[in-house]
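K.L.:
Start counting the sequence shown at 619; every next residue gets the next number (the working numbering).
Derived from the structure by calculation, the hints contain no laboratory data.
Just so you know, not all the hints are guaranteed correct.
[Claimed, not checked] Cross-link-like lysine-lysine pairs, in silico, DSSO-like; alpha carbons within 27 Å at most: (1) Lys739 to Lys661; (2) Lys752 to Lys714; (3) Lys680 to Lys660; (4) Lys720 to Lys675.
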Amino acid sequence: MATYQSLGPIPEHIYKEKHVGGTTLKDVDSQLWVAEFAAFLKKSGKLTVPAWTDIVKTATFKELPPQSPDWYYIRTAALLRRVYLRQGVGTGALRKVYGGRKNRGSAPSHHRKASASVIRKALMGLEELKMIAKHPDGGRMITSQGRKDADRIAAQVMSSRQPQAAAQEE
């Protein structure tokens, strides 16, 4: 049996210290950030949306295409968040993340991967905007411009949430 030497109590400044750099994507609720960043992408008008987005399903296990007209912007924002949090993630790993359960009737359900084309085109659109780039070891990584935009939107989400939180406490 392995024994280890106790290092004693962990100093508070290690795990309770607020980071100095300001608000980052990790500090805000993911759902709020994705919605806000999707609105930013739509408002900027720089993201090229493929013509097939109104008829395509996002995975083979889905029965219908997405009902929201802005679903492509939302998926693109969610993909940028994934790349921000995990550098070097590729299309195959993202297919697993966005995959789900295939209903096979009376047979047991199985996991199915999401559409690679939707994920690949969204990532290529983010590359055109210079928000992500190809990682040297494979996959994608976020660029300084992408990190700057993501953290700026996170700061906006955080500042919009603070007045609401104060109003609820009263």
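K.L.:
Evaluate each hint against the coordinates.
P.N.:
Hints versus structure:
1. Lys739 to Lys661: The hint holds at about 19 Å.
2. Lys752 to Lys714: holds (19 Å)
3. Lys680 to Lys660: The hint holds at about 25 Å.
4. Lys720 to Lys675: holds (14 Å)
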